[in-house]
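> Whenever a hint applies, use it, and build me the whole structure from the sequences.
Spelled out from the first residue to the last, the chains are:
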Amino acid sequence: MTEELGKTVDHESPEIHEREHHVVSPRIYIMILIALLVGTAITVWASYVDLGEWHVAPGLNIFWNPIVALAIACTKATLVVLFFMHVKYGTKLTKLTVGAGVFTFLVLVGMTLSDFFSRAWGRW
Amino acid sequence: MSTTIVSLPDQSTARIPKMNFISKEKGLLSWLLTGDHKRIAMLYLVSITFFFFIGGALAGLIRLELLTPQSDLMATDTYNKVFTMHGIIMIFFFLVPSVPATLGNFFIPMMIGAKDLALPKINLLSWYLYMAAGTLGLYTMMTGGVDTGWTFTTPLSTHYVNTNVLTTGIAVFIAGFSSIFTGLNFIVTIHKMRAPGMTWFRLPLFVWSNYAASILMVLGTPVLAIAIVLVALERTIGIGVFDPTKGGDPLLFQHLFWFYSHPAVYIMILPGMGVISETVSTFSRKRVFGYTAVAFSSVAIAVFGFFVWAHHMFIMGISNYSTLIFSLLTMLVAVPSAIKIFNWSFTLYKGSITFETPMMYTFGFMGLFTIGGLTGVFLGTSGTDIHLTETYFIVAHFHFVMVGGMLMAFLAGVHYWWPKMTGRMYPEKISQLAALITFIGFNFTFFPQFILGTLGMPRRYASYPPEFQILNVFSTAGATILGLGYLLPILYLTWSLKYGEIAGNNPWQATGLEWQTQSPPLTENFPEIPIMDHEAYDYEWLDGQKEKEVASVG
Amino acid sequence: MEAVETHQHAHPPYQRHHFETYAQQNDATNFAMWLFLLTEIMFFGGLFTAYLIYRNWYYPAFVSGSHQLNIPLGGLNTLLLITSSFTMAMGVWCAEMRKKGALVLCLILTFVLGTGFLVVKTFEYKEKIEKHHVPGFHYSLQSFLAPETDEAATAAHDKALPLDMARHTEVYFSLYFAMTGMHAMHMIIGVAILAFMIVRAQAGAYTTGHVTFVENFGLYWHFVDIVWIFLFPLLYLISRH
Amino acid sequence: MSHISQVLWQFLVKWLTDFALYPPEASKIAPQMDALYFFMVLVSLIGLTIVILLVTSFSILYSKKRHPVAVQIEGSTLLEATWTIIPLGLFLIMFVWGALIYFRVYTPPANAMNIYVVGKQWMWKAEHPGGQHEINSLHVPTGQPVQLTLISQDVFHSFSIPAFRVKREAIPGRYTTVWFEATTPGTYHLFCTQYCGTEHSHMIGDIVVMTPDDFKKWLASSTSGASLAQNGERLFASLSCAACHNTRPDARGPNLVNVYGTKLALSSGGSVLADDAYLREAILNPLQHLTQGYAPIMPTYQGQVSEEGVIALVEYIKNLNSDYRVQQTTNTTELLPESVGSPQRPAPAEKKSAGQGMVKQ
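Residue numbers (numbering that gives the first Met the number 0), protein chains in the order written: chain A, 0 to 123; chain B, 0 to 553; chain C, 0 to 240; chain D, 0 to 360.
The set of hints was computed from the structure by calculation and includes no laboratory data.
By construction, the Cβ of each residue, glycine as well, lies at the ideal position given by its N, Cα and C atoms.
Just to be clear, a hint being listed does not mean it is correct.
Claimed, not checked - A partial selection of chain C residues facing chain B, derived with a Cβ cut-off under 7 Å:
hint: 1; residue: Asp26
hint: 2; residue: Ala27
hint: 3; residue: Phe30
hint: 4; residue: Leu34
hint: 5; residue: Leu37
hint: 6; residue: Thr38
hint: 7; residue: Met41
hint: 8; residue: Phe42
hint: 9; residue: Ala49
hint: 10; residue: Glu95
hint: 11; residue: Leu104
hint: 12; residue: Pro134
hint: 13; residue: Gly135
hint: 14; residue: His167
hint: 15; residue: Ser173
Right, here's the structure in full:
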């Protein structure tokens, strides 16, 4: 939004708009499709492999499997958002909108979980 | 020197412009199928007024019942249904759409110099969704009502009541989509439809505050929607997301519910704050003190508003550490409101103040909102919250904010923009009287409730220990006065539609773009798209304009 | 007040009266679609929050519940959806390039793949109904208390869950049905709109240079795809080793 | 007319005699909370006065009559910073002060006497450790910290004692606690403040505060014969808990003697404090809270033992400090017909020994 602030609405002619509007070539789409399919294959494969866990502290173990699965899912989602949904070629406003959505989502999840995870903590 | 700024055209020759958005097309169908944001705003105005009076009648019943300690006017279950429907109607069918969907719908495009909202069909759809939801809500009320409280607390709402939770849930769900569409439309319009020269920092503060409220609508409402869907699924097929007997956590529902419903109070109050910024400036003939601070405080409220919801749950068994964080963040969200109040006060400084009705309501707003806001701090402070929450203190607090704040702001706005919307003035003297009656009645009604709450009287009680009676009698007496105060405007405003004085383009000599065109406006708002070449609230520019006009006519 | 020089050039027929330029209209509707997707993120956000909490609380129940799902079917659905996302993206490209025939083909492919997803989902649901894994009155703990009687559980080498944990599989299936159900709802709406679009595209409505509708629908379709990209590992792939 | 004035007169008298701005301070925390409350009232009054003074004085000084032409002022960073920082500072003081009180109210001292409270639509049931039951009333002594362990059987309720300035929700499925130390004998209101259905407004009762001597007398006069722990012991026996939870070397379950208050290592890793909430969970959802070194064989008692029954069991385990008592219950177990351990075994319906209504039928 900071970029938008202070800027007037553009009154471009459709021609200029046409030039700015980036048309993604089908080759990129095919590459993304392949990447997504490979990603799916890797997730399924990775779920059958025990990736072990990381003992951070007694009682606090981090399992790698779900983290890997989520990381792959996030990567796939990012690819879709950036290329299929043209965000990579979109305006700052579009990027900001996506960012705002992800941010609010994280606020909802994070702040709610903060309650659930700190309930078991010892009392003062 | 006269003590008003009203500058009406010569009444003997003045005419309502022949071509305007009302006269353009005739017939009911032209209204029901309109895409014109002004007509949709009028549709909204009529419908929310209707729901306001239904909600108000229910409030009257509540106050009557509480006149005596016993539950003698109605049985407890009836009372529970009455306060539930009062809450649902007032929140979802009046407060949330009140200023945005009527005044915002009408004036945001005009203020930014656009011909319409970006998505007129979505705007109309939003009204239809609202009406569908409202009708469903009324149908629910007629066919047995619902007694969960407007908060739909699980497991009460899912397993322990036998009333129309499902249909009410659907009604609220649909109303939620109506408000999502309104908010979405505003954001798009404000981003993409501003006239040439209308930079972000030339926007009237009303637009800023509606923008902030729209962000909350778009991001918050869906979470309420999913919470209601889960409640409905739990009631119908018995899934176990919130059901403690199946391993669910009912507090999760509270989290999801308040994730929307706390920002919802900012959805309700922010547009009202926008109205106050407009009226304070106009009636003191001065640019709002610290424009940027007021603009950014709206956005700050919107952003912080998402971080504080669990302060509704301090005593509900959330973790103590969560309480700590949410209480701290609540303190932070209180600050922007304080900034606004002081900035408005200092707008008066060295102004040239007149006291027309909108200004009277504005003063009422500033006083009552200050009380409402400060008592909110009592509840955000985790220690005192233990004693004060779930009592009449909290009832008084949010009525000070919602009724004392938002409703006052709404009435200020309706009076302020009435000449623009209808082309006619409301009668000044009687409306000033109404403002005064409202203020007095309001304080009589809700101030005793602070004391009641401190004494410990719980909310949502149909009967109460007899020692609380006297303060309740005061409250009920005040409610009678308040009711009168709300009846008067509807009477004289309707009267003024036909008999009011012709208002002319700019009766208040205000600076907003909406005042620089005819009243009522044309369907496309401006004969030609305006170019904004001055700051917001630039009264010197306005004087210059007037001189130019005089020069060109003379 | 001055007024801006009104645009003298003729507006394209699909430009609505209240917009100054077509670019403005296109930008505005595109932005509106993104905002709508924002609400969708938050809508599913509530479900994901619930999922994360209960998965942490009732991990063994989530594992056993997840083992009842069919990975080949889920994987097939993932492939269908990803491919349909690709054909949709290609459809937008065809519309932009004004290739009518190719656009119709892409839309039909997307429609078929989307419907295929729903058909597979129906089979999965049917299996759950038959095994009484739909939460509610008929919910059966058989597969979790006695995994040896259950094919899927045996295949995954599940051990019998103790009763208290077995009961919490109902929470897993509540979330499974709520999440995939909401997702399927979006798919059904999407497929319905696709059918409408195929007819319109056949009539040449989207190959005139006015591609906003196809573009925005594409955004919606990709969003639904993204939701599934997360649902698949979260629901199907819990502790398969 | 005279009739009306009489009513009004009575009204006025009543008001003046009963008039109060805040409820009596009958607990140790009450004056502390009131201090914060009145500090906040003071700050609010000052704030409100400033706003009113500003608005009225500006309205008078700069009304159009006196001040026909407005002077345009852009703003003042200094002033704005002032009214940002001062309220923020005050709010932060309130936050810290409030948080201190909050933690005090919800952190019971170690020497507190524990009373269990079960909320259900629409009554409060209190269980004293001595076995005294109360409905919609609670007797407590002065000068002794009292901890309430609350739970709800159905919906959310909220246990509120305005005179003590404490309140806590009783929620289904989990224990919550609150504590207070009463200071002044008398009878005070007990309210349910969380809306809980049709008879919500009738879910009220009395808190009777007594001197320690009177309280002892009351305890003696209202005993039901068996203490809560004894009820728990009977239940422990009838549910055959001792078949596993005993002191034999080959015991299948952990020994429960002196387990309360210790740190237990869980088989899932991590450790947990064996408090009331843990014991309750371990009875109802044993496998989620399995102690390290034991096989997951304990059946769940969810749906078989009522909340009161769980409370009795918890109280019994809490007071369990000698092996002898467990062995006693083992002997009773042998009288029971069926072996233990199979998950779907219905609870034995020995009403006599299980205490009234503690085992769900």
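> Kindly indicate which numbered hints from before are broken by the structure, ordering the numbers from low to high.
As far as the earlier hints go, 10, 11 are violated by this structure, in ascending order.
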